[in-house]
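Given the sequences, and given the hints that come with them, work out the whole structure.
Under the working numbering, residue 136 is the last one in the sequence shown; the count climbs by one each step, no gaps.
If you're looking for bench data, these hints aren't it; they were derived computationally from the structure.
DEER-style ranges, computed between Cβ atoms:
| # | residue 1 | residue 2 | range |
| --- | --- | --- | --- |
| 1 | D86 | R38 | 29 to 35 Å |
| 2 | L81 | N127 | 43 to 49 Å |
| 3 | R83 | Q122 | 34 to 40 Å |
| 4 | P75 | E125 | 34 to 40 Å |
| 5 | G41 | R71 | 29 to 35 Å |
| 6 | E119 | P90 | 15 to 21 Å |
| 7 | D86 | N127 | 37 to 43 Å |
| 8 | N74 | G113 | 16 to 22 Å |
| 9 | E119 | R98 | 28 to 34 Å |
| 10 | L124 | Q68 | 28 to 34 Å |
| 11 | L79 | D126 | 37 to 43 Å |
| 12 | E57 | L120 | 16 to 22 Å |
| 13 | H60 | V30 | 19 to 25 Å |
C-beta atoms are modelled at their ideal positions from N, C-alpha and C, and glycine is treated no differently.
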Amino acid sequence: MDQVTNALYCSVYGQVHYCRHRGEFWIDFGDLQVWICQEQLHQLSQQINQLIRVYNPLVQLPLSRQFDLHPPGCRGKCHRLFADELLDLQMLIDGSLVMCELYQFLEDNQFRLADSLQ
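Okay, structure coming up:
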């Protein structure tokens, strides 16, 4: 997780990078491009999960239906996402959080990854 050049987690439409020096995450997901801290990453995950719960099941909505998302760290900017993008962003953010927990577990237990895996 030291290198900002390698993605922490990737999905179909985007990727998340972690910069240990800044202690922040770079989300690159179409128009949504922002640096956020881990707490904001959790907040974003909660926002997305809430949207998906409210409109569950998403597959019954028209394909043209868009969802407004106001991610933390975006200074109130609204991002409009289609259902498939919202689900992909959910996978991206939740996957990134899981990877953070994995790396923290490995670090706490003094495990080292081979250079080829980092």
